[in-house]
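Trainee: Chains as they are written, first to last, in the numbering used here: chain A, 16 to 218; chain B, 12 to 108; chain C, 8 to 631.
Keep in mind the hints are simulated off the structure, nothing from the lab.
Note that beta-carbon positions come from the ideal geometry of N, C-alpha and C, so glycine has one too.
Accuracy of the hints is not assured; some may be wrong.
[What the hints assert, rightly or not] Not everything, but these chain C residues come out facing chain A in the computed CB check (under 8 Å):
| no. | residue |
| --- | --- |
| 1 | LEU242 |
| 2 | GLY248 |
| 3 | ILE613 |
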Amino acid sequence: MSTDLATPPPATPEAVGHHDVADQRKVAMWAFLGSEVLFFGALITTFLLYRNDVGDGPGAADVFDIPFTSVSSFILLMSSLTMVLAHHSSMRRDWRQMRIWLLATALLGSVFLAGQVFEFTEFVHKGLTVSTSPFGSSFFVLTGFHGAHVAVGVLMLLATYFISVSGRFKAEEGMNVEIVGLYWHFVDIVWIVIFTIVYLLQV
Amino acid sequence: MAETAHPHPTPRDYWLIALVLAVITAAEVAVAYIDVEAVVVPLLIVMAAAKLFLVVAWFMHLRFESKTYRRLFYIGLASAPVLFGAVLFTFGVLIGS
Amino acid sequence: MATLTPDVTAAVDASPAPRGGIWSWITTTDHKKIGILYGVTSIFFFLVGGIEALFIRLQLATPNGEVLSADAYNQLFTMHATTMVFLVVMPLAAAFANYFLPLLIGARDVAFPRMNAFSYWFFLAGGIFLTVSFFVGGAPDGGWFGYAPLSTQVGEMVRMDYWALGLLVLGVASIASSVNFITTVLTMRAPGMTLMRMPVFVWMIFVISFLLLFSLPMVTVGLFQVWTDRNLGTLFFDAAGGGDPVLWQHLFWLFGHPEVYVLILPAMGIVSEVLPTFARKPLFGRSFVIFSGIAIGFMGFGVWAHHMFTSGLGPVAEAAFALTTMFIAVPTGVKIFNWLGTIWGGSLRLATPALFSLGFIFLFVIGGLSGVTHSIVPADSQQHDSYYVVAHFHYVLFGGAIFGIFAGIYYWFPKVTGRMMSERLGMWNFWLMFIGMNLTFAPMHVLGLNGMPRRTYRYAEGLGLDLWNLVATVGSFVLAFGVLVFLINAIRSWRRGPEAGPDPWDGRTLEWTTSSPPPVHNFDEIPVVEHEDDFWHRKYATDEEGYAVRVATDDAAAESTGPPEDLHLPSPSFYPALSGLGVLIALLGVVYVPWGLLATAVGGAIMVWGLFGWSLESLVREEH
Chain A
16 MSTDLATPPP ATPEAVGHHD VADQRKVAMW AFLGSEVLFF GALITTFLLY
66 RNDVGDGPGA ADVFDIPFTS VSSFILLMSS LTMVLAHHSS MRRDWRQMRI
116 WLLATALLGS VFLAGQVFEF TEFVHKGLTV STSPFGSSFF VLTGFHGAHV
166 AVGVLMLLAT YFISVSGRFK AEEGMNVEIV GLYWHFVDIV WIVIFTIVYL
216 LQV
Chain B
12 MAETAHPHPT PRDYWLIALV LAVITAAEVA VAYIDVEAVV VPLLIVMAAA
62 KLFLVVAWFM HLRFESKTYR RLFYIGLASA PVLFGAVLFT FGVLIGS
Chain C
8 MATLTPDVTA AVDASPAPRG GIWSWITTTD HKKIGILYGV TSIFFFLVGG
58 IEALFIRLQL ATPNGEVLSA DAYNQLFTMH ATTMVFLVVM PLAAAFANYF
108 LPLLIGARDV AFPRMNAFSY WFFLAGGIFL TVSFFVGGAP DGGWFGYAPL
158 STQVGEMVRM DYWALGLLVL GVASIASSVN FITTVLTMRA PGMTLMRMPV
208 FVWMIFVISF LLLFSLPMVT VGLFQVWTDR NLGTLFFDAA GGGDPVLWQH
258 LFWLFGHPEV YVLILPAMGI VSEVLPTFAR KPLFGRSFVI FSGIAIGFMG
308 FGVWAHHMFT SGLGPVAEAA FALTTMFIAV PTGVKIFNWL GTIWGGSLRL
358 ATPALFSLGF IFLFVIGGLS GVTHSIVPAD SQQHDSYYVV AHFHYVLFGG
408 AIFGIFAGIY YWFPKVTGRM MSERLGMWNF WLMFIGMNLT FAPMHVLGLN
458 GMPRRTYRYA EGLGLDLWNL VATVGSFVLA FGVLVFLINA IRSWRRGPEA
508 GPDPWDGRTL EWTTSSPPPV HNFDEIPVVE HEDDFWHRKY ATDEEGYAVR
558 VATDDAAAES TGPPEDLHLP SPSFYPALSG LGVLIALLGV VYVPWGLLAT
608 AVGGAIMVWG LFGWSLESLV REEH
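Next comes chain A alone, as it looks inside the complex (with noise of 0.2 Å):
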């Protein structure tokens, strides 16, 4: 393969001893994704077993907030939206528009995240933690995680955001927007399963 970064990589992996790096690195994500299906599976499947054991403690309809949830539920899917443009923008090479759209799913991530927060401190102040009962346990470790996922996203859009600002890596950037994608929807769809079950079906 060339080292001139500016061409991008042989489009057909059948190119004797070339191998398209792009479908790499996304064979790569997608078979990741795959697994953290299950990952997220094993710990819905926790809660679903849990949801009804409240102890002590107060329970779904004690402490959750629909119309809040519903809110930051809204605000990660429009994540979704401005992540797809900017790997359209990227695909067009307009290096400005995908930097800016890369910035608002950030940004909107970040918000998710601070709602998360304040959720969570709302939470513990009504007398569920993570020790309360295994509804406590289950719902935070869940959640938790699913935060965790988002804030290493967040991460990985402003590497992204950066590495483009310091202008030397054009022509990765389309794949590496991409591939940020390819994580960011994942995490956005994971939302989608735990809003339904975890808070709709609970109240």
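Following the hints, put chains B and C in place on chain A, whose structure we already have.
Mentor: Relative to the frame of chain A, chains B and C by itself:
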């Protein structure tokens, strides 16, 4: 990174899908307040599945991608309900109840 | 063997990879060196795990043994199993997969060379972390399967924290490897190498990569839950608090059962390469062997609760899992018959690799038969937690996985080192291990059926258990002696064994077309593949009666048929090793929180530095 020939979604398509997602979310929240459990549960599951499909197929582009990516993801997506359903079954917990 | 053209020599010389020295090993991204790192590290842990076993056998040699206290015994049997499963058999398979998967598919390296190195360093970090526990207050002592609530008991001892965190880190290493191998197989095969033309060993690695990818998540969740139950007061497995310890069993075995197929399939793959080579016949029913491997992998996800038949699953679940467990014997049987069919009618050369392969078949069948008896729920209720189970899994894991791996070591040692191992010492190695193994584990069937329970540090006199325990202990030392012979053979041969040449076994697959050891770039030109067992078909044609007729010399057959191409080697990098160092420090800090928080922060920072350095480095130096 060159795409094979296929209809690529435009930004307008993406905005449209985002709108649909927002509408479904609003509908979900509304449905959640209905008291009839037998109706609410399947409805919510269907709506969540619809949102999931839209994001995976269009935002993640899976609809237009090579089969390999689809298979990698679907193996995970298909095995999760089967395996975890079996686990919950042994605990006497049916999914969605 | 193809000659080095000036272009190739120039490209290799231009690569910044240092030729030797410790730093070259720390920064290597070459799959072959990483394979050697895995191999040597695993052999070291094999000795550690073996010594742990010998202590167990010394304690159990006589009734009311006084060699070990109960506490020491618990640590030793826990660590023996944890070491053997996670630090020996899995990384030995990784060693072979790393070294040979690219060679077998005609590639120059794996898809992500630095992630490959990262997997090794995380594995090493996990291994060191787990072993350090012995020296700081005690090793994990709750069994390798860490059943709650024993594992979640909060005490002054942090032992099971070492266990949970150590396994988590090892899991990360395995997931990274799995993603790497899956991507490599899907995107880097040589032209003409369709999936069905891939060697069976490659297929088995491909299948276990999926097994790991889809089973590790469940145990990862479970391990976190054990850790939070121990450290954050969560109630996942706390019955008094409303939790259910059986949930842990499900999460563990959802991983644990696919894991045993991860342990055996690579060995089966090795045997599938060795037997055809030494029988000088193609693998009988090759596509059936491949499909059976896939079937075993797939069905392996459907049997996990057969480890839980005594936990109160209920008759419906028990019947279902009994059936699935019986069914999984079918594809396994298919493989056995195909190996036998390979030998039948061939002229089997009984060199050491072939001996170990035959031993594998014999011993694995015994282990498989005892396994099938476990599938019958009422019988299993008697066998569960007895030495009968210990007999079963040692037959399949030692007689199966380890024997298969030893076949691989003897088979591929010439390729890796360029020297032949001693056949005489190999015979001694094999027979000592074979006899020792049977002496050790066959009696355990009897002990188990006579009621000897697992995981108890001593047994009373007069229970009828004395004789066979003594025999088993004697057997274990015979076995150990066999391992010693192996070590002597390996070290002496590496230093001054006779030169092997590129193709000492008249092999069938692509790795034998390269020099021994292969050049850093594997192939001067990527081969174009036209058959399964492509190298064999370039050397031999078949005459009218179906006999092989030599048509090309080794050199001519090894000549590459592919067009020349630009050669780019992955640059070495120290960021993967740095990340491994960071995670080790961070983990040690986490165990000793709160004052360990400083170590966690420092270790975490180092790890993040490593990860960032890695991702920024790719766009400049690597020329893939």
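Trainee: Can we keep the LEU242/C interface hint, with Cβ of chain A closer than 8 Å?
Mentor: holds (5 Å)
Trainee: Take the shortest C-beta to C-beta distance between GLY248/C and chain A; is it under 8 Å?
Mentor: Status holds, d = 7 Å.
Trainee: With a cut-off of 8 Å, does the beta carbon of ILE613/C approach a beta carbon of chain A closely enough for the hint to hold?
Mentor: Check failed: Cβ of ILE613/C comes no nearer than 17 Å to chain A, outside 8 Å.
Consistency note: the structure conflicts with earlier hint 3 alone.
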